[in-house]
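A.B. asks: Each chain is listed here by its residues.
2 protein chains.
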Amino acid sequence: MNSSEKIYSGKTKDLYALANGNILLVFKDDVTGADGIIDPGANTVIGQVEGKGRKSLGMTDYFFKRLHSAGVPTHLVNLDLEKGTMEVRRGEPLGKDINGAGGFEFVCRTRPWGSFIRRYQQYIRDAEQKLDYLVEITVKDDERGDPLINDDSIVTLGLLTPAHLEQAKQLTRHVCRIVEADLSEKGLTLIDMKIEIGLVDGEIVVIDEISADAMRVMDDAGKVLEHSTVYERLVG
Amino acid sequence: MNSSEKIYSGKTKDLYALANGNILLVFKDDVTGADGIIDPGANTVIGQVEGKGRKSLGMTDYFFKRLHSAGVPTHLVNLDLEKGTMEVRRGEPLGKDINGAGGFEFVCRTRPWGSFIRRYQQYIRDAEQKLDYLVEITVKDDERGDPLINDDSIVTLGLLTPAHLEQAKQLTRHVCRIVEADLSEKGLTLIDMKIEIGLVDGEIVVIDEISADAMRVMDDAGKVLEHSTVYERLVG
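Read top to bottom, the protein sequences are chains A and B. Take the first sequence: its position 69, counting from 1, is numbered 69 in the UniProt record's numbering, and each next residue is one higher. Take the second sequence: its position 206, counting from 1, is numbered 206 in the UniProt record's numbering, and each next residue is one higher.
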């Protein structure tokens, strides 16, 4: 990495610009949480867990292979599990503002859970209710608690064209179905997941990572699994 | 009102069931706010302002007449400014849950202001930016701070059909344009407003009230006006 320049240091990854124009993602062992409890949805790094970065990368390798098999494009060029790095095409993450802050997270839900229940409690008849690949889009903004943004705001603020927005939502549902089907083969149930999407070489593609951190998974007894358990069951 | 039964006591209105099947809305002088400061967006009644109920009713009378002239349907049957009451057709407020709680508020914005700026600050280039009748839908839920809900959630939770949702959003924009044009004739600028919508006799119509409380209005010097000033300028 002597010839590369560090361009960003995130909560779980560092980014380097490569001489060939691509980006190198270096996965870190940092974990986020609050009050000493690990929570991938939280915005504060509370410590490190050895091997965590490689596990995230291993999961991403696992799911990106399945996406590619299904013809779903990602930004991946190549991936080095030993080094804990991933080379990706340079692109424009959807929802990034002019200063490079922000960015959208595309959430897909198959049943009500977590913040969705907290927000819409009165409308939820029972926890077993199916949500038919419901998509929500949130803005990455630690200070404001990652606010939800609706389609009208995204288009009116000029953040996405209606066509790209529709493509991104369809891509989110497509990825969710692929991940759900794969988990199902292993006796696991996907509750919800989130991905990031970018415009790479003019195409709407999956970017960043797909790790156990970015999904809630239940076993056949209805128990929500630890991320490390999901990792063991899938990647071993 | 001897022959009528009180069916609901709200923050600013009481509701009575009339013998003819309609509902009587009785406007109250209660005002909401926090820390002693009146804020119509707040959820706690902090006191009373004499004549406030009649002013809200006067504004509603003013705007409902304009909506009716423009062919926009409302639930209004008749209105008594002296008594501070309004008789309306019985209907189903959109977004009410099975227990009668909740209900949607349809917000229409012509420029960024208030919570919209707080949520999407990083995307807003300047305060003069036009928002082209952007619609947001929120759930009336005091405890949860009236959370935003997106179209996908509304449809997936079975709260509205896609057709009714589209009609309701179009109605919201239509009402906003009518109110904006009327204010403009008086040298005033509409920033944003909110309405409630119901399904009455199988039709999507404006319900509840349209008062100064439910809109932000600027004068030609760019100053946001007190609600009582808006009332004086329009109804006198």
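Simulated from the structure, these hints should not be mistaken for laboratory data. Ideal Cβ placement from N, Cα and C applies to all residues, glycine included. Don't take each hint at face value.
Facing chain B, according to a computed beta carbon distance under 10 Å, are these residues of chain A, among others [unchecked claim]: (1) 26; (2) 101; (3) 105; (4) 139.
Using 30 Å as the maximum straight-line C-alpha spacing, the simulated DSBU-like pairs for lysine-lysine come out as follows [stated by the list, open to error]: (5) B:96 with A:169; (6) A:140 with B:130; (7) B:169 with A:140; (8) A:169 with A:223; (9) A:28 with A:130; (10) B:65 with B:130; (11) A:130 with B:65; (12) B:169 with A:96; (13) A:140 with B:65.
A.B. asks: All the hints need checking, so say for each whether the structure fits it.
C.D. replies: Status of each hint after checking the structure:
no., hint, verdict
1, 26, "violated, 26 Å"
2, 101, "holds, 5 Å"
3, 105, "violated, 13 Å"
4, 139, "holds, 7 Å"
5, B:96 with A:169, "holds, 27 Å"
6, A:140 with B:130, "holds, 24 Å"
7, B:169 with A:140, "holds, 27 Å"
8, A:169 with A:223, "holds, 28 Å"
9, A:28 with A:130, "violated, 35 Å"
10, B:65 with B:130, "holds, 28 Å"
11, A:130 with B:65, "violated, 44 Å"
12, B:169 with A:96, "holds, 27 Å"
13, A:140 with B:65, "violated, 44 Å"
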